[in-house]
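Turn these sequences into a full structure, and let the hints steer you where they fit.
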Amino acid sequence: MSALADKLRGLRRQAGVQAPAPATVRRPEPMPDNLRALLGVRRRTDRAPVRASEPTPLPGQTIAPGLQLSETRCAWPPSPGRFHAGFARIDADIEPERLLLFDTETTGLAGGTGTRAFMIGVADWHKGQFRERQLLISTLAGEAAMLDCFVSWLRPDTVLVSYNGKSYDAPLLKTRLRLHRRESPLDGLAHIDLLHPVRRRWRGVWENCRLATVERQLLRVVREDDLPGAEAPAAWLGFLRGGSAAALHRVARHNSQDLRSLGGILAHFTQACD
Amino acid sequence: MNALPNPFAQRAVRGDGALAAPVAGGDQLARRLARRYADRITGSFVQPGREGRYAPLPGDMPATLVQALRSRGIEQLYDHQAQAWNATAAGKHVVIATPTASGKSLCYTLPVISAAIRQRAKALFLFPTKALAQDQVAELLELNQAGELGVKAFTFDGDTPGDARQAIRLHGDIVVSNPDMLHQAILPHHTKWAQFFENLRYVVIDEVHTYRGVFGSHVANVLRRLQRVCAFYGVTPQFILCSATIGNPAEHASALIEQAVTAITDSGAPVGEKHVLLWNPPVVNPDLGLRASARSQSNRIARTAIRAGLKTLVFAQSRLMVEVLTKYLKDVFDNDPRKPPRIRAYRGGYLPTERRAAEREMRAGQVDGIVSTSALELGVDIGALDVVVLNGYPGSVAATWQRFGRAGRRQQASLGVLVASSDPLDQYLVRHPEFFQGAPPEHARIAPDQPLILLDHIRCAAFELPFRLGELFGMQDATPWLQVLAEEGVLHQEGERFEWIADSYPANAVSLRSVADGNFVVVDRTNGRQTIIAEVDYSAAALTLYEGAIHMVQSTPYQVEKLDWEGRKAYVTRTQADYYTDAIDYTKLKVLEAFDGSPAGAGSTHHGEVHVARRVAGYKKIRYYTHENIGYGPVNLPDLELHTTAVWWQLPQRALDQAFDHRQQALDGFLAAAHALHIVATVAVMAEARDLQKAVGSGDGAWFATPDANGRAQLRTSLGETDAVTQGPFVPTLYLYDAFPGGVGLSAPLYERREDLVRLARELVLRCDCRAGCPACVGPVLAADEHGDAPLKSLATRVLDLIVAL
Chain D
2 MSALADKLRG LRRQAGVQAP APATVRRPEP MPDNLRALLG VRRRTDRAPV
52 RASEPTPLPG QTIAPGLQLS ETRCAWPPSP GRFHAGFARI DADIEPERLL
102 LFDTETTGLA GGTGTRAFMI GVADWHKGQF RERQLLISTL AGEAAMLDCF
152 VSWLRPDTVL VSYNGKSYDA PLLKTRLRLH RRESPLDGLA HIDLLHPVRR
202 RWRGVWENCR LATVERQLLR VVREDDLPGA EAPAAWLGFL RGGSAAALHR
252 VARHNSQDLR SLGGILAHFT QACD
Chain R
129 MNALPNPFAQ RAVRGDGALA APVAGGDQLA RRLARRYADR ITGSFVQPGR
179 EGRYAPLPGD MPATLVQALR SRGIEQLYDH QAQAWNATAA GKHVVIATPT
229 ASGKSLCYTL PVISAAIRQR AKALFLFPTK ALAQDQVAEL LELNQAGELG
279 VKAFTFDGDT PGDARQAIRL HGDIVVSNPD MLHQAILPHH TKWAQFFENL
329 RYVVIDEVHT YRGVFGSHVA NVLRRLQRVC AFYGVTPQFI LCSATIGNPA
379 EHASALIEQA VTAITDSGAP VGEKHVLLWN PPVVNPDLGL RASARSQSNR
429 IARTAIRAGL KTLVFAQSRL MVEVLTKYLK DVFDNDPRKP PRIRAYRGGY
479 LPTERRAAER EMRAGQVDGI VSTSALELGV DIGALDVVVL NGYPGSVAAT
529 WQRFGRAGRR QQASLGVLVA SSDPLDQYLV RHPEFFQGAP PEHARIAPDQ
579 PLILLDHIRC AAFELPFRLG ELFGMQDATP WLQVLAEEGV LHQEGERFEW
629 IADSYPANAV SLRSVADGNF VVVDRTNGRQ TIIAEVDYSA AALTLYEGAI
679 HMVQSTPYQV EKLDWEGRKA YVTRTQADYY TDAIDYTKLK VLEAFDGSPA
729 GAGSTHHGEV HVARRVAGYK KIRYYTHENI GYGPVNLPDL ELHTTAVWWQ
779 LPQRALDQAF DHRQQALDGF LAAAHALHIV ATVAVMAEAR DLQKAVGSGD
829 GAWFATPDAN GRAQLRTSLG ETDAVTQGPF VPTLYLYDAF PGGVGLSAPL
879 YERREDLVRL ARELVLRCDC RAGCPACVGP VLAADEHGDA PLKSLATRVL
929 DLIVAL
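Line by line, the protein sequences are chains D and R. Residue numbering for the first sequence follows the working numbering, beginning at 2 and increasing consecutively. Residue numbering for the second sequence follows the working numbering, beginning at 129 and increasing consecutively.
Worth double-checking, as some hints may not be accurate.
Said to hold, decoys possible - Straight-line C-alpha distance at most 27 Å; calculated DSS-like pairs for lysine-lysine:
no., chain 1, residue 1, chain 2, residue 2
1, R, K697, R, K718
2, D, K175, R, K697
3, R, K748, R, K697
4, R, K467, R, K455
5, R, K718, D, K8
6, R, K220, R, K280
Everything labelled a hint here was simulated from the structure, so no lab data went into it. Small disclaimer: the values here were computed from a predicted structure and weren't measured.
Given below as structure tokens:
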């Protein structure tokens, strides 16, 4: 495009750098298999797919510029009741109302200041039901509002529950809060990272301790039309660059399943304690 | 520092005649060597000693720190240390450029510790090597203990264990690290260091003379990123920089941090008299002009010095040479296993604990002779020495003085001996003592706006903090660069902001030691090894890593067995071959734009942008010493294309017609003159010989000239095999060009010194001892050519005479 870009491309070629593929080329949205099957029938009839041209709306409601919130409630997993958190090496009895389960979807795993969360999923037991709230940003400028909203859900006595959140999600959110010049309340909160009790219990028994493995082995959960976590960044980037929001619904379902599994694993440990 | 009589002087008395008798200092040894080996000493001079100039401990220093200094025996400061204290107290950025062992570290330790005691202010120290960082922390800890100051200093480098890192980030008052760690670990994780940055008051950068060329250009950009992150945390730290003696400390420091810097260059530390000898090994074969090896001479001088009871340090250019010289000296001095060893080797590749042990023994005076690589060059404290022997020229006047600076005691004269190897540069220097003696130390140069380096660091900076539209990076608007990165898909522009969006960690892909990342690695497969021993820039790969090439790594010859061009790897094995290889490259240059020009004698000189097309067509095998051409090999590699900057000289056809009988003569003269100019230019800009290249061709790119099998110029119009007769005016042009895409700033300083260069090249040729030409002046000449009527040497002189300033 620009003269500078041309010059730099030339110099890099001369320096032996293999040219990076321009990332702006948009690939067609992957479609769910069942839909593709249906469309396959239509294609044979040589008619343009009618629904494919309609833009998919973003998940949830817009609650601030660039910020979507979806909220759902369901019966499973059930509330664990008051429990002693010794299995997570916390010597305290915990009321289920204090629990806040959380899981983020991020732009990658590279770490450092350049990786951000584009979705924060949070769940708690509210009025006897499992309540999930998912925050999703549709613009980069929505990030500050997302962080503020997430922080507003934390109370001083909140107990965080996550899977590998102590090493991954919490530090990442702390970094983002810091970059937006906000205080991070995360450090002061109790945090049950279920990865550690799972590892203590099943390391060497299962092939690994990834969340998907625990789900299958412990909870017998079968994921349906799951978007692999590794494809989440591309789904969001594609949308950000003007692509469809369709894949973001699959990201949201993936995140939601993660949250329910967190609840299920927690329930397993709290029952084992009874 | 150590004024006690040398306890080992006694045992050096042996029956070796007068040379072995103990002497009081380097002056006596210098006189003795000068008497005995007058024919080998090509230059000898003395730097007078100087009394110390002192200043009282500043009154505004914290009492506990004063106490700590007193308990370590420091009752007053050197004058330059007091100056540094006053300048930092006045809020100025400071560079201290005083000789080795003048107490530079106190210049920054005092303000840093004071601020830590008074305001819990933090400081970041950057050293080029881990070893230096560890030394510095050891010193800080000693001072801290002496005064119970409660200041916490830690090293933070690749060896720092993960669980210690968090504590260092939170509790370190002084964090001692290196530019690579700052680039790859600290800045990309700056939020974890938030507390540290919010209280960061001082940034100390030692050994800034090592941050020049490509490395320096990268470091300047890392410092831009550091200052950008500091601004985010609302701090503007003060910089304290230290440098060995270079020609332009203030300018260089200011180029690195892009702010005005106060230079303190006048050392108040006392120094003893320093004797310097330039030593050329004796001619052992007058017919072939062969000289004895530098190694044999260094060994002899070191032996003599140690026998005379003087603490001696020998610098060798390679690890292998360290081991060889150590063995020679141990054979003489350590043949009784019941006694503690008197000779030690010191080089990279030893375990840190081994190195610490060696340093302790040296400081304690238990070692009489040390053989080291440049690992010891930078500030590692080993106590006082009497004699330094350099086995070969270290590549710059500044580095030579820095190594000589290792020897020196307050009340006793010291001696430095430079032993020349057969390398053309060494021979040039040792035969021109006045160049060495009178030469101002070289200027350190950087080119922080080199396009590829700049792009790499804007990429890293965007990962660390988003850019605003129109934001400056260094001195220029970053916007066009950000747009390039957005096109690439790593940044996303939303309104006024460019934000990092890719799933990658860009600092990991940026090496501070190369331009862009197309580098080749050299893999040693000797005896089943599979280890990387060197990296070679993409642009130099075709010239030095073709299959069959003899590739020197730290003066050790390896032969390239296989070149994996796509995989960017060259597989080599150690070789004992008695020849070296020289690529036959066809290089065609074309001037794209002249930035500036001026008359040069009967011709003109310019600098500007050029296009270079280069093909390596094959290589020659050349026997060592005799320089006979003993064979050829084919090379089949892709052509290289390069946009870069160059300096060039041209002569009009009229001037050529008067000076030369025919075009062939003129071209021969140009090629020979290019050889000589390349040698002096490499010295002048502190460049590696391969970073600066030479070529002869037509200014419009219509033809170029390369030496044929007989060393005579051959005219070609294309990189292919066919030659053609040229049309149009005959304007031969001599180019010196920067070998990196986009250039790294070598050609501008060459243009500034254009008149000096021609004059020096002319002297080099005129005063060379050879008859018709040799590698040390105009390039190798075949024996058959030596008696021709127009030897290359005289043709080169004719060209240089025409372009020398009138």
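Okay, the hints, checked on the actual structure:
no.: 1; hint: R:K697 / R:K718; in the structure: violated, 31 Å
no.: 2; hint: D:K175 / R:K697; in the structure: violated, 41 Å
no.: 3; hint: R:K748 / R:K697; in the structure: holds, 22 Å
no.: 4; hint: R:K467 / R:K455; in the structure: holds, 17 Å
no.: 5; hint: R:K718 / D:K8; in the structure: holds, 17 Å
no.: 6; hint: R:K220 / R:K280; in the structure: holds, 25 Å
Of the numbered hints given earlier, the model fails hints 1, 2; all others are met.
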